[in-house]
Structure formats: structure tokens, C-alpha cells
Amino acid sequence: MQKLRKQTRNAQIVKTVLLIALATFLCTSCDNDDDSTIPSELSTAIENQNYVSIIEEDIASLPINTQVAIALVHNGTTEYLGVINENNVLKGINNADRVFEIGSITKAFTGVCLSKMIATNEASLNETLQDQFEFTIPQGGDITLEQLANHTSGLPRLPTNADEVVDFNINNPYVNYSAQNLQSYLENSVTLNSPSGTEYAYSNLGMGVLGYALARKRNVGYEELLQDIIFNPLGMTSTTTVRGNVDASKLVEPRDINGNIVSHWDFSETTAAGGSIKSSVIDMSKFMHKNLENDEVFNFAQAKTFNIGNGFFMGLGWNIYEAEGFSVLNHNGGTGGFSSMLMLDKEKEIGVLVLSNAADYNDAVEELCNSLFLQINE
1 MQKLRKQTRN AQIVKTVLLI ALATFLCTSC DNDDDSTIPS ELSTAIENQN
51 YVSIIEEDIA SLPINTQVAI ALVHNGTTEY LGVINENNVL KGINNADRVF
101 EIGSITKAFT GVCLSKMIAT NEASLNETLQ DQFEFTIPQG GDITLEQLAN
151 HTSGLPRLPT NADEVVDFNI NNPYVNYSAQ NLQSYLENSV TLNSPSGTEY
201 AYSNLGMGVL GYALARKRNV GYEELLQDII FNPLGMTSTT TVRGNVDASK
251 LVEPRDINGN IVSHWDFSET TAAGGSIKSS VIDMSKFMHK NLENDEVFNF
301 AQAKTFNIGN GFFMGLGWNI YEAEGFSVLN HNGGTGGFSS MLMLDKEKEI
351 GVLVLSNAAD YNDAVEELCN SLFLQINE
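Going by full-length UniProt numbering, 196 is the number at position 196 of the sequence shown; the sequence numbering is gapless.
Simulated from the structure, these hints should not be mistaken for laboratory data. It is possible that part of the hints are untrue.
Stated by the list, open to error - When the alpha-carbon atoms are kept at most 20 angstroms apart in a straight line, the in silico EDC-like pairs for lysine to aspartate or glutamate are as follows:
| no. | residue 1 | residue 2 |
| --- | --- | --- |
| 1 | 348 | 293 |
| 2 | 217 | 127 |
| 3 | 304 | 253 |
| 4 | 91 | 79 |
| 5 | 91 | 253 |
| 6 | 286 | 79 |
| 7 | 348 | 378 |
| 8 | 91 | 47 |
| 9 | 286 | 296 |
| 10 | 286 | 224 |
| 11 | 304 | 322 |
| 12 | 91 | 41 |
| 13 | 348 | 363 |
| 14 | 217 | 349 |
| 15 | 286 | 349 |
| 16 | 346 | 79 |
| 17 | 304 | 378 |
| 18 | 91 | 57 |
| 19 | 250 | 97 |
Construct the complete structure from the given sequences, taking the supplied hints into account.
Pasting the structure below:
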């Protein structure tokens with residue numbers, strides 16, 4: 001179906017390169033080659049037919065029984081859209097208050113926590129990993145908090161001692177990785193993939209350690225840290241890292257690429273900062289608006305800290321892409337039953353968030369987010 005929008009040359013360039021960037025920063029694998037198209041009733045459910053055309057094209061293969069919740073921030077307002085595949089028909093749904101796992105978008109929140117604690121003199125970018133713990137870290141102890149936040153620590157994507165985890169569950173892989181497991185890893189098993197501070201390499205491990213260290217500074221858990229620094233101040237009352245805190249009637253069921261129900265993902269204190277947040281597009285739009293404001297703490301987290309090259313940079317937890325006329329903050333996410341994507345342009349004061357309860361559906365979610373981002377940028 002032909003999209004009902006006209007893209008400028010710059011927008012077309014940015015779309016192409018942004019999709020490459022999203023693949024570069026992808027935090028879960030995606031292998032969705034289903035090109036099938038399902039019938040749609042969205043033209044009567046969504047007023048803006050440009051949005052309808054984009055949605056029908058970009059998520060034409062949305063798995064059965066899965067849904068997508070969307071927040072569009074532009075012109076000082078917020079629009080919410082919802083789509084569900086019900087009986088193999090795309091239909092509108094009011095799901096703005098439904099709670100999804102946002103996966104690695106959590107890392108942007110961790111970056112804000114670091115920024116806030118720097119502003120209050122509770123932390124500094126140059127503090128080392130060794131500074132955070134009483135035990136000796138033979139290799140990697142000189143990794144800084146900044147390097148943990150911008151994925152230049154040299155730490156691998158995941159710790160290598162999963163075999164030590166008691167009751168390890170492949171369907172809920174982060175829930176039982178304990179402080180004892182982390183200590184054992186840092187004391188005995190660290191092998192850096194590159195010298196710290198020299199190369200970008202995405203690390204769930206590094207971000208988990210960062211959030212754990214920040215929470216320890218306040219003698220709280222990661223949940224309380226987020227509540228104090230972000231959730232409560234922004235009125236994000238439906239947002240949490242703990243599944244048990246979510247109203248069961250609002251919690252969306254996780255599903256795989258075929259639409260089958262799968263397990264939620266839960267996180268331990270040592271892994272929570274990498275992907276544990278559960279939220280709605282209503283709550284997340286408050287985070288989006290705050291990031292678009294001129295706020296010292298949020299600005300600091302968005303500042304470039306490492307140049308990856310070719311217009312790609314890292315902030316504190318944020319991925320940044322710059323091209324002519326664009327500077328885009330972004331992060332994607334994925335858990336065992338959810339996919340997500342967030343894009344913001346601070347200068348233009350626009351943003352798009354897409355949350356879905358379809359696992360391994362990142363390519364389509366990111367394409368949809370990018371297409372809607374370009375649409376509201378016109």
C-alpha cells in the first residue's frame with residue numbers, strides 16, 4: 001500500500017541511515033521474514049489516514065493476538081494510538097494505559113539516574129568499578145561509571161558464569177543472577193573484549209552493574225532509585241520494575257512471534273538496570289516530554305560522551321544519531337515477549353514511542369517508529 005506522505009530528501013536519508021543505526025544498537029535478535037498482510041479496519045478506528053497507511057504497511061504481519069501501543073509527541077501535544085490483531089484483522093484498541101515491558105529502553109532511565117546523582121554529588125563519571133565494591137576486581141577495576149553508561153567498558157554483553165546461577169531459567173533469564181553471582185564474576189571471570197574507553201560494544205552486563213552500583217550508593221534497590229529520581233517526580237504512577245506492583249488487569253500478556261503466550265521477564269538487583277521497567281504509553285509520554293525540556297539533569301544524560309563514527313554517538317544510556325537537520329535520541333528494547341522503540345528530537349520537540357507485546361518483532365516496531373517519526377516531523 002502506498003504511504004500517504006511525502007518525504008524530503010533529508011528525511012529519506014535519515015530513514016535509511018537510522019534503520020542501520022537501529023540495527024547497530026539492537027539489543028535483541030530479530031528474524032521475522034513474514035511478509036503476509038492481514039485485513040485492516042484501522043481506517044475507521046484512527047482519524048489520521050496518514051497514520052493508518054503507515055501502520056498498515058509497517059506492521060502488516062503483526063502476530064495474531066498481539067497489540068501495539070503508540071505515543072506521538074509533537075506540537076506540544078500527545079496522541080495515543082492502539083492497534084491489535086484480533087482474529088487476523090487489524091483493529092483499533094484503547095490500550096494507552098496498558099502496561100508493557102519496555103526492555104532496554106530502561107537503560108535511558110539508568111543514564112538519567114547517573115546524571116541526577118552526579119548533580120547531587122553522589123557520583124562522578126570518573127569513579128571506577130573498583131570504587132563501588134569492597135572486594136578486589138583483578139581485571140576491569142578501572143572501568144569508569146561513564147564507560148558503563150556508554151557501553152565502552154569492554155565488558156561482554158552478558159556475564160559468562162550463568163552456569164553458577166541457582167535455578168537458572170532460560171525463559172526468565174535475568175531473575176536469579178544474584179549479587180553473589182556478580183561478585184564471583186568480577187573476582188574471577190572478567191575478560192575485557194577491548195581496553196576500557198576505546199570501543200563501543202553493547203553490554204547488558206555493564207548497564208546492570210551501573211544501576212546496581214548507583215542503588216547501593218543510596219542503600220536502596222533499583223526500583224526505589226527510579227521511584228525517587230524519575231517515576232514519582234514525573235507522576236509515572238503505573239511504572240515499575242517489579243511485575244507484582246502492576247495492576248494485573250492492566251498488564252499485557254507477553255507473546256512470541258507466532259502470538260503464543262510466553263513468560264514475562266523479571267530481573268534481579270544486579271540486572272534490573274538493563275531492562276526491567278514495565279510501563280504504559282501514557283506514563284512513558286511523561287518521560288518523553290521531560291526529555292524534550294531544557295532540564296539540566298536530563299540534558300546531561302543526553303550529551304555526547306563517545307563518538308562511534310558515521311554520525312553515531314553515545315550519551316549516558318542514550319543512543320544518538322546526527323545528520324543534516326536531525327539529532328535523534330533513541331533506544332530500542334526487547335524481552336521474551338515484548339518489543340519496543342523510542343525516538344526523540346529535542347530541537348524539533350517531537351518524539352515517538354512504540355510498545356508491542358510481540359517478541360522478536362523489533363524490525364517492524366523500529367520501522368513503524370521511524371516512519372511515524374518522519375511523518376510528524378514534516
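Tested hints:
Between residue 348 and residue 293 the alpha-carbon distance is near 11 angstroms, which keeps this suggested pair within the 20 angstroms criterion. Between the alpha carbons of residue 217 and residue 127 the distance comes to roughly 12 angstroms, so the proposed pair stays at or under 20 angstroms and holds. Between residue 304 and residue 253 the CA atoms are separated by roughly 36 angstroms; this puts the pair beyond 20 angstroms, and the hint is violated. In summary, the hint linking residue 91 to residue 79 is supported, as the alpha carbons are separated by about 17 angstroms, within the 20 angstroms threshold.
Annotation: proposed proximity of residue 91 to residue 253 holds, straight-line Cα distance about 18 angstroms (limit 20 angstroms). For the proposed pair residue 286 and residue 79, the alpha carbon gap of about 12 angstroms is at most 20 angstroms, so the pair holds. Under the criterion of a C-alpha separation no larger than 20 angstroms, the hint pairing residue 348 with residue 378 is consistent with the structure, at around 11 angstroms. Note on residue 91 and residue 47: the hinted pairing holds, with a Cα-Cα distance of about 13 angstroms set against a maximum of 20 angstroms.
Pair hint residue 286 plus residue 296 holds up; C-alpha atoms about 17 angstroms apart against a cutoff of 20 angstroms. Restraint check for residue 286 and residue 224: satisfied, since their Cα atoms lie roughly 19 angstroms apart, inside the 20 angstroms limit. Restraint check: the Cα-Cα separation between residue 304 and residue 322 comes to about 11 angstroms, which is no more than 20 angstroms; the hinted pair holds. Restraint check for residue 91 and residue 41: the C-alpha separation of about 5 angstroms stays at or below 20 angstroms, so the hint holds.
For the given pair, residue 348 sits about 25 angstroms from residue 363 by alpha-carbon distance, which is inconsistent with the 20 angstroms threshold. Of the pairs offered as hints, the one joining residue 217 and residue 349 is violated, with about 34 angstroms between alpha carbons and a cut-off of 20 angstroms exceeded. Annotation: proposed proximity of residue 286 to residue 349 holds, straight-line Cα distance about 13 angstroms (limit 20 angstroms). With a C-alpha separation of about 18 angstroms, the suggested pairing of residue 346 with residue 79 holds against the 20 angstroms cut-off.
With a CA separation close to 26 angstroms, the supplied pair residue 304 and residue 378 exceeds the 20 angstroms bound. Distance restraint check for residue 91 and residue 57: the Cα-Cα separation of roughly 14 angstroms lies within the 20 angstroms cut-off, and the hinted pair is therefore satisfied. As the CA atoms of residue 250 and residue 97 are separated by approximately 7 angstroms, the hinted pair is consistent with the 20 angstroms bound.
In summary, the structure is inconsistent with hints 3, 13, 14, 17 from the numbered list given earlier, while agreeing with the others.
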